[in-house]
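The residues making up each chain are set out below.
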Amino acid sequence: MYALIALGYTMVYGVLEFINFAHSEIFVLGAFVGVEVMLLLESAGFLNTLHPAAVLLLVITAGMVISGFAAMALERVAYRPLLGGPRLVALISAIGASFFLQDGLRLFESLWRNTFYLSYPSLEFLDQIVPLTATLVIPVKSMLVIVTALATLAGLHVFVNRTKLGMGIRAVAQDPDTASLMGVPVKRVIALTFFVGGALGGLAGVLFGIHYSLVNPYSGFIPGLKAFTAAVLGGIGNIPGAMVGGMLLGLLEAFAASYLSLITDGAFGAEYKDVFAFLVLILILIFRPKGLLGETVRESKA
Amino acid sequence: MICSLPVLGLCGYIAASCLLAFWFPQSVLAFLAVEASLLWLYYVDAPQKIKLFIGALLLIVLLPILGWMNGYYLEVAIQIGIFVALALGLNIVVGFVGLLNLGFVAFYAIGAYLWAIFGSPQANEFIPGGLFPLSSNWFFLFLILSVALGALTGVLLGLPVLRLRGDYLAIVTLGFAEVVRALVNNLDKPVNLTNGPRGIAPITKPPLFFQPLLEYSGLDVSEAKLYPLYFYFLILIIVGVIIRVTRRLESSRVGRAWKAIREDEVAAAAMGVPVVRMKLLGFAVGASFASAVGVLFAAKQVFINPESFTFMESIGVLAMVILGGMGSIPGAILGATGVTILNLQLLKGLSLWLNGLRQSGAELVIPLLGSYSLSQIPAQFEPAKYERMVFGLILIVMMIFRPQGVLPPSKERKK
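Chains A and B are the protein sequences, given in the same order. For the record, in the first sequence the residue sitting at position 136 is 136 according to my numbering, with numbers rising by one throughout. For the record, in the second sequence the residue sitting at position 320 is 622 according to my numbering, with numbers rising by one throughout.
Keep in mind the hints are simulated off the structure, nothing from the lab. Backbone N, C-alpha and C define an ideal beta-carbon position, used for all residues, glycine too. You may find that some hints are simply not true.
Going by beta-carbon spacing under 10 Å, a handful of chain B positions derived as facing chain A [stated by the list, open to error]:
#1 Y315
#2 A472
#3 R690
#4 M700
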């Protein structure tokens with residue numbers, strides 16, 4: 001789960017060396033698009049007649065496309081005018097964008113549905129549980145997340161390393177000036193990167209929504225922070241790194257949630273799992289700032 | 303000639319706005335007019351001494367009198383004071399040293415909880431003997447203690463993270479604030495330190511050391527009326543001290559070192575500026591301001607819980623600093639005043655106004671588009687609920703069009 005969001009951060013950071021604070025809102029937007037599409041299908045009566053795979057495909061595609069375009073629009077409005085300026089400026093603008101989107105989404109949903117806490121309609125297919133062995137079972141929902149994450153990683157790998165557009169992205173990431181001399185349309189590539197990053201965020205959002213079934217405009221904040229932790233853990237700008245970092249963080253957190261209270265004799269319980277994630281982040285930044293798999297972006301001046 | 307024309311104009315304006323506020327005690331606009339006079343004062347062309355005198359008159363005499371008539375004004379003024387102090391603290395970190403601190407509210411929370419725990423029966427939970435709450439006379443000691451504690455936590459957080467690049471630092475401070483919030487939220491067990499999400503109450507108020515004086519002079523004032531005024535003067539003094547300290551620091555060797563680091567860290571290091579130590583110092587000073595204000599906040603609110611210290615507050619303070627102009631003291635003051643008024647008065651006023659329109663059910667006739675019944679304005683459209691949107695907009699728009707802020711620091715001494 002975190003891995004998916006982390007991929008989005010890494011994509012944008014790898015190219016622009018810039019933390020897209022609003023990514024968590026793009027992620028939530030994806031979740032909302034997902035729920036809207038599902039609610040629309042439900043009211044049209046298609047939800048239970050259509051094949052569940054078709055429903056999923058539709059929802060995910062809608063979430064990805066809309067989030068992708070939203071991220072592109074965001075880049076256009078809030079970041080492009082600031083390209084080349086001091087880093088702090090773009091960062092602050094990103095934070096602003098993040099806040100703006102949170103309440104924008106809330107306003108829209110309040111006007112549209114009269115509430116901004118939406119819950120996903122349940123799909124029977126997803127609520128099933130697959131027994132692996134006699135004692136080990138996996139819910140279909142979790143399997144969906146894992147499979148999608150792996151598939152996305154593979155797809156992204158091919159896209160970045162094998163296609164022409166991917167080559168453009170890598171070129172811009174290495175050196176925008178030289179890339180533009182070589183005939184790479186830098187601005188288009190950056191916009192494209194935002195689109196891909198946003199689409200990944202949207203995908204993660206839809207899956208998040210399906211998995212937890214309840215979304216509100218502010219639910220992106222903590223996952224966003226953790227995804228950033230995951231990206232840093234794996235080495236920011238490094239695509240497999242984001243994946244590894246996300247999984248590692250997820251595991252660490254799950255263990256913390258279940259064993260922390262055992263280890264400390266009930267003194268510290270599962271409520272500290274969030275604290276745990278940030279401690280990991282701080283420790284990583286102190287001892288291995290390049291992350292586990294190393295940072296692939298160019299070393300820049302501070 | 304001391305009383306030049308602009309000064310006279312200003313005085314006239316102040317008198318007029320005060321009378322307005324006096325006659326229309328409920329009017330938000332009248333109060334805004336009074337507050338705007340401070341801004342005018344800043345711009346007016348007059349000798350420093352006269353400006354200081356008028357400012358003092360306005361702040362020490364006129365505003366309290368208005369506040370005496372209408373407690374709400376005083377409440378707003380206190381809020382503004384608190385945020386001005388916070389913004390000034392953050393201004394040092396973000397504006398002078400150039401470190402983006404997104405977890406500033408954590409230090410505020412630390413100060414607030416320091417006094418809240420010991421100034422309420424809460425401390426009895428883990429220190430036996432039933433000594434608590436401490437009597438109100440301890441308040442000033444804790445105010446000083448909180449400065450030390452704030453500085454200490456600032457250094458403790460700063461030590462590991464200050465070597466990081468700017469954007470990492472932002473995230474780590476954000477994470478730190480979340481950690482602090484999670485801690486105060488959950489530290490009701492194993493030892494009940496903070497009483498968790500239920501918060502702490504009642505917190506002892508600062509001592510009324512001038513009580514005998516009042517009795518002596520025969521003035522009979524109820525405590526309910528006295529406390530707001532008292533807090534107003536306390537925050538005024540704190541802000542005054544902070545401004546003084548900041549200005550002294552700014553023009554000292556330390557301040558120059560900070561600005562050098564902000565402009566170019568490598569060059570500053572090459573010039574012999576102890577970069578890490580100076581960054582730590584900046585961090586600590588900002589943190590100690592916030593922490594001291596936290597103590598005051600706790601004493602004023604009587605009740606605090608973790609809800610008062612969310613990420614939202616950090617961003618709000620950041621928006622104030624950005625709006626006013628990073629690295630500028632008048633800017634930070636203006637930004638804090640502006641944003642607080644926006645939050646407390648304008649947005650709420652707008653909400654009320656819209657509500658009124660809705661209930662009046664009047665028809666709005668727009669040419670070519672037909673008429674539109676005002677009662678159809680959706681009830682969800684309430685500006686007061688969307689302060690995040692406003693903050694976000696402020697940040698983006700300022701960054702794109704005027705990154706140096708409304709009142710940018712003067713550059714005369716830099717070259």
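Against the structure, the hints come out as follows:
no.	hint	result
1	Y315	violated (34 Å)
2	A472	holds (6 Å)
3	R690	holds (4 Å)
4	M700	holds (8 Å)
The structure fails hint 1 only (numbered hints given earlier).
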